[in-house]
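Trainee: Construct the complete structure from the given sequences, taking the supplied hints into account.
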Amino acid sequence: MRIITLFSFALATTTSLAFPSSKPTPRDTNSTIGPEKGYLVIVGGNLQSESIYSRIIALAGGPSASIIVVPTAGGEPTYGQNFSTALTFRELGATNVNVLHTYDPAVADTDAFVAPLITADAVFFGGGRQWRLVDAYAGTKTEVAFNEVLERGGVISGSSAGASIIGSFLARGDTSGNDILVGDHTVGFGYLKNSAIDQHVLVRNRHFDMFQILEVQPELLGIAIDEDTAVVVSGNDAEVIGSTYALIYDGGFWSRDGSGGKYDLPEKKFYFLKEGDRYDLAARRKIISSRAQF
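Mapping the sequence shown onto UniProt numbering, position 153 (from 1) lands on 153, and the numbers just tick up by one.
Please keep in mind that the hints were generated in silico from the structure rather than gathered at the bench. Be aware that one or more of the hints could be misleading.
What the hints assert, rightly or not - Pairs of lysine-lysine residues, derived as DSS-like cross-links and limited to a Cα-Cα distance of at most 25 Å, are as follows:
1) LYS193 - LYS269
2) LYS193 - LYS268
3) LYS37 - LYS141
4) LYS141 - LYS193
5) LYS37 - LYS193
6) LYS193 - LYS274
Mentor: Quick look at the structure:
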């Protein structure tokens, strides 16, 4: 159940212009840097909105783009070409969708396994446990090929566990359970540098969990995304799309009505961004629109 007081706070808006966040705090010393080429579409889990799937397809180059779905985080014994996410992409018009999966890093280090990625326009990591992606692909030719998709101007996307793997710090990467924020796997694939990414944040009441990571690595930018919501990254520009909110943990504060954000615990600040809101990852500031926001 969502915490009503926080959710109501997120919805509070006025007809006045938005105001910039407060001055950078010491946590802002290391910029968060998006990919030089390509796009990230980072989904907070339970992806339902056709608009998010369609954005991935469009950024990849359209219906004929090569989309590789990687379900490995899910932990099932086998996965076929009719994996549910692949079916959804096809139902929405994508005509070149393939499922790629192994748990064996030796297999992931072979040219034969990597072959479908050589011409891929997009990779989508499914949900489950993010450490499985690390164990299967980290340090292999497959991980190199994932990076090359971005270098060609393609798309890296993921939902739930597939979102967290995109960060440089791997949130909830412990093999014993997903309630441990700083676990036995702490290194993600790092497509978004100097960041930690959490998911299912409002639905599972995870609002304050990110601070467990930031206490250990305060230089990181924390991003926590709710279900059926995505952060789309191009360079250092991040845009929120989808049905609910993304939470930002940058040591500062921003609100639609320009309020000062007075907290009893000022070190525990975070704020909400909704569909259409944009964020500068390098400056670690909300991008202020010239239009009134409602």
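Trainee: Hints first: check each against the structure and report whether it holds.
Mentor: Against the structure, the hints:
1. With a C-alpha separation of about 21 Å, the suggested pair LYS193 and LYS269 falls inside the 25 Å cut-off, and the hint holds.
2. The suggested pairing of LYS193 with LYS268 holds, with an alpha-carbon distance near 22 Å, which does not exceed 25 Å.
3. Only pairs whose Cα atoms come within 25 Å are accepted, and LYS37 paired with LYS141 is accepted, the gap being roughly 20 Å.
4. For the hint linking LYS141 to LYS193, the alpha-carbon distance of about 21 Å falls within 25 Å, and the restraint holds.
5. Restraint check: the Cα-Cα separation between LYS37 and LYS193 comes to about 14 Å, which is no more than 25 Å; the hinted pair holds.
6. Note on LYS193 and LYS274: the hinted pairing holds, with a Cα-Cα distance of about 22 Å set against a maximum of 25 Å.
Of the numbered hints stated above, none is contradicted by the structure.
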